[in-house]
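Trainee: Sequence:
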Amino acid sequence: MSILKTESITKIYPGTRALDQISVEFESGKVHALIGKNGSGKSTLVKIFAGSVQPTEGSFYLDGEKMALHSPQDAIAKGIATVYQELSLVPGLSVAENILMGRLPMRGKVIDWKRTYQQAEELLDEYHVNIPAKEKVSGLSLWQCQMVEIVKAISMNPKVIMLDEPTSSLANHEIELLFDMIRELKKKDVIIIYISHKLQELWEIADTCTVLRDGTYIGRTVMRDTSHQDLVKMMFGDVEIKTRPDDLQVGEKVVLEIDGLTRKGCFQDVSFRVRENEIVGIAGMLGAGRTELLRSIFGADPFDGGRVIFEGEEITRPTPVKMKNRGFALTPEDRKQEGLIQMMSVAGNLCVASIEYLAKHKFIRRGKEKQYVARQIEELEIKVPDPSLPVSSLSGGNQQKVVVGNWLNTAPRIMFFDEPSRGIDVNAKQQIFQVIWEQSRKGISSIMVSSELEELLEVCHRILIMRQGTIAKEVFPEDVTVDELYALCMEQEEGAK
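When we follow the numbering used here, the leftmost residue of the sequence shown carries the number 1, and every step to the right adds one.
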């Protein structure tokens, strides 16, 4: 049995103690969930194990050997592999090249391509991943990239593998494939650390659960002996889970009308209306065209046919700048790549979309900028010791709040939320939902895409179901259960099997 053990690990950043005297233990042959709200310190602990961050105090040991890691390469050399939520594959290379990067089989001084593809295919087959080894990563979907990233980590024969939000971009049947891979790893006596905000899946895959809160160790529990309420209380203390308030009434005025919108290969003949104050959800499996639809309406991607009509006026050839000026806002699915400028400060990221409102004679009015920043930090409860710190230093949930705050500073009239709760904890989700509801009270409409169908039932007035690029059905939350909604989303796919 292998054991990964920490002794009084502490990590101090300017203005905050990310970890405080953490002593935990993980043994092989089990899946160990590591959970905590955003800012709890779990990501910092994982980064210490991965060699990308060094502790301020304390040590950790693998099989009794004290680890002194100064880089991710040091961690890999010691048998510690990490699969992060933000993937690190090279799009221009093949699946095989990505899996075996740095370890490509050689024949003299040249790469042995036959062995390269053969080895990659054997790994993919072993874990039942049906992706061609010669396929370029740029042509893969997000969930396929996730699978390749995991196979890449497994190919290093690690003693420890850490999975950071591995199901955040996966549909239900894809999650089952991932869980099968993890169960195979358990048989190989690997230490598996599993980080997730999807508490409901932990009972299916995890053996134990270690909880951190505000940088401190709260406890470890056995999953089969633990209830959902127990875990939530360990993470937050007492948290009130709210549903859509009764006072959010849909107005009569049609704000947005989409008429026959088509983008070849993504969606076709999509038509729907959004009324004033209304929160419309779009449900569907990955690949149904939900994100592509939002991006085309917002002008980020072109469409081939159809009309976008806002407040009775058709918007021709929409672009993000034109749509922003008309009152549209889009919080993208991939917040790190498309929603934030990682090297820029929290304050700067909160004001990117509203920069022209802050400028006078081409100069930014710093006093007004401070007002914009302070307002969103206070109203969204963004946990940051200093707004001048880079946004990359924040937890996932706080980064998501910065993305939302950036668009709220433009005083939008209609907001598009694409997977707004991806990779954030229960408390942060509730805060994002409160923002959506508060915008409804102010007369602002919203369209929300989420793979977490329970959230659409909690948050929205009405839900559109997309299947294979079309709007297949419209339902109301009070008329369907979660199971029924999942079945409706998968109906055509199952019928095609």
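Since the hints were made in silico from the structure, they are not lab data.
Ideal placement from N, C-alpha and C gives every residue a C-beta, glycine not left out.
Please note: incorrect hints may appear among the correct ones.
[What the hints assert, rightly or not] Derived DEER-like restraints, expressed as beta-carbon distance ranges:
| # | residue 1 | residue 2 | range |
| --- | --- | --- | --- |
| 1 | Asp214 | Ser388 | 51 to 59 Å |
| 2 | Leu142 | Thr243 | 23 to 31 Å |
| 3 | Met344 | Lys114 | 42 to 50 Å |
| 4 | Leu142 | Val254 | 27 to 35 Å |
| 5 | Gly102 | Thr481 | 46 to 54 Å |
| 6 | Met106 | Val482 | 29 to 37 Å |
| 7 | Ser388 | Asp304 | 18 to 26 Å |
Trainee: Name the hints, by number, that the structure is in violation of.
Mentor: Going through the list in order, the structure violates hints 1, 6, 7 and respects the others.
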